[in-house]
Amino acid sequence: KAGVTQTPRYLIKTRGQQVTLSCSPISGHRSVSWYQQTPGQGLQFLFEYFSETQRNKGNFPGRFSGRQFSNSRSEMNVSTLELGDSALYLCASSWGQPNTEAFFGQGTRLTVV
Amino acid sequence: AQTVTQSQPEMSVQEAETVTLSCTYDTSESDYYLFWYKQPPSRQMILVIRQEAYKQQNATENRFSVNFQKAAKSFSLKISDSQLGDAAMYFCAYRDTDKLIFGTGTRLQVFP
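Order-wise, the sequence lines are chains A and B.
Count the first sequence with this note's numbering and you get residues 5 to 117, in order.
Count the second sequence with this note's numbering and you get residues 914 to 1025, in order.
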């Protein structure tokens, strides 16, 4: 059974550009969550999608957005990149109930220069 | 709001010895789920163990076990017979409906 797949693994972007990250969940999982990991702020929740609907959103500016497709694959987009957006972006998938584990992908390392 | 605190930024252990990583949390809920995740240098978060708050019995997964003290809101991870491959960042996490709230992590070093 394939795990959570995130693409690309590494990205270098320039300030002001936009970026799209992709996440393919474990087959059958309908929930996809996104987290940002930085040395200063640690792991912070961005948003969660379940069956194409955003159920929850963290405290991030509107430049961060996401969506989920009918096959449960998810994308997150960051517009007008800032240096502070440099981080490891982790995607996690689960069945979507509180009592189920979240399984993580290997992350996308975004560097903004 | 729920919070998770890991007060040990770094810990070290000798191979084959036992080490305990601490975690405390704050919540007003009575039913919830707690997790320990491991993040090796590869950066992928790996689930180590989970605990349901309604279960009094402490969870165990091979060499990993937890000491769950609900009244004290404490959730520590014990690693027995430590191995070099256990070296990693360990994160304690609280499941709040649709999201995980993580602690700041404990870096575990394992010495041969």
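Keep in mind the hints are simulated off the structure, nothing from the lab.
This one's a predicted model, so the numbers in the text were calculated from it and none came from an experiment.
The beta-carbon is built from N, C-alpha and C at its ideal position, and this holds for glycine as well.
Don't take each hint at face value.
As the list claims (entries may be wrong) - Below, a sample of chain B positions facing chain A; criterion: calculated Cβ distance under 8 angstroms:
{"no.": "1", "residue": "E942"}
{"no.": "2", "residue": "S943"}
{"no.": "3", "residue": "Q957"}
{"no.": "4", "residue": "L960"}
{"no.": "5", "residue": "N975"}
{"no.": "6", "residue": "R976"}
{"no.": "7", "residue": "F977"}
{"no.": "8", "residue": "L1013"}
{"no.": "9", "residue": "G1018"}
{"no.": "10", "residue": "R1020"}
{"no.": "11", "residue": "F1024"}
Stated by the list, open to error - Cβ pair distances, simulated, as ranges:
{"no.": "12", "chain 1": "B", "residue 1": "M924", "chain 2": "A", "residue 2": "N63", "range": "23 to 33 angstroms"}
{"no.": "13", "chain 1": "A", "residue 1": "T104", "chain 2": "B", "residue 2": "M924", "range": "24 to 34 angstroms"}
{"no.": "14", "chain 1": "A", "residue 1": "T104", "chain 2": "B", "residue 2": "T916", "range": "15 to 25 angstroms"}
{"no.": "15", "chain 1": "B", "residue 1": "Q927", "chain 2": "A", "residue 2": "R13", "range": "26 to 36 angstroms"}
{"no.": "16", "chain 1": "B", "residue 1": "A984", "chain 2": "A", "residue 2": "T9", "range": "36 to 46 angstroms"}
{"no.": "17", "chain 1": "B", "residue 1": "T973", "chain 2": "A", "residue 2": "P102", "range": "32 to 42 angstroms"}
{"no.": "18", "chain 1": "B", "residue 1": "I959", "chain 2": "A", "residue 2": "W99", "range": "14 to 24 angstroms"}
{"no.": "19", "chain 1": "A", "residue 1": "Q101", "chain 2": "B", "residue 2": "T973", "range": "35 to 45 angstroms"}
Hints, verified against the model:
Hint status for E942/B relative to chain A: violated, with the closest Cβ pair at about 10 angstroms, above 8 angstroms. Because the closest C-beta pair between S943/B and chain A is about 13 angstroms apart, greater than 8 angstroms, the hint is violated. For Q957/B, the interface hint holds, the least distance from its beta-carbon to any beta-carbon of chain A being 5 angstroms, beneath 8 angstroms. Because the beta carbon of L960/B sits about 5 angstroms from the nearest beta carbon in chain A, less than 8 angstroms, this interface hint is met.
The interface hint given for N975/B is broken, as the beta carbon of that residue sits about 16 angstroms from the closest beta carbon of chain A, more than 8 angstroms. Hint status for R976/B: violated, given a least beta-carbon distance of 19 angstroms to chain A, over 8 angstroms. Interface restraint check for F977/B: the shortest CB-CB distance to chain A comes to about 14 angstroms, outside 8 angstroms, so the restraint is violated. Taking 8 angstroms as the C-beta contact cut-off toward chain A, the hint placing L1013/B at the interface holds, the least distance being around 6 angstroms.
Against a cut-off of 8 angstroms between C-beta atoms, the interface hint on G1018/B holds, since the closest Cβ of chain A lies about 7 angstroms away. A hinted interface residue such as R1020/B counts as satisfied when its beta carbon comes closer than 8 angstroms to some beta carbon of chain A; here the least separation is about 12 angstroms, so the hint is violated. Evaluation of the F1024/B hint against chain A yields a violated restraint, the C-beta minimum of about 24 angstroms exceeding 8 angstroms. At about 30 angstroms, the beta-carbon gap between M924/B and N63/A stays in the expected band of 23 to 33 angstroms.
A C-beta distance of roughly 29 angstroms is found between T104/A and M924/B, which places it inside the suggested range of 24 to 34 angstroms. Between T104/A and T916/B, the C-beta spacing of about 22 angstroms keeps the proposed range 15 to 25 angstroms intact. Range check, Q927/B to R13/A: about 34 angstroms between beta-carbon atoms, so the 26 to 36 angstroms window is met. Taking 36 to 46 angstroms as the suggested C-beta distance range, the pair A984/B and T9/A conforms, at roughly 41 angstroms.
Remark: the range hint 32 to 42 angstroms for T973/B to P102/A is contradicted by a beta-carbon distance near 22 angstroms. As the Cβ distance of I959/B to W99/A is approximately 18 angstroms, the hint placing it in 14 to 24 angstroms holds. The hinted range of 35 to 45 angstroms is not satisfied by Q101/A and T973/B, whose Cβ atoms lie roughly 23 angstroms apart.
Checked against the numbered hints listed earlier, the structure breaks hints 1, 2, 5, 6, 7, 10, 11, 17, 19; every other hint is satisfied.
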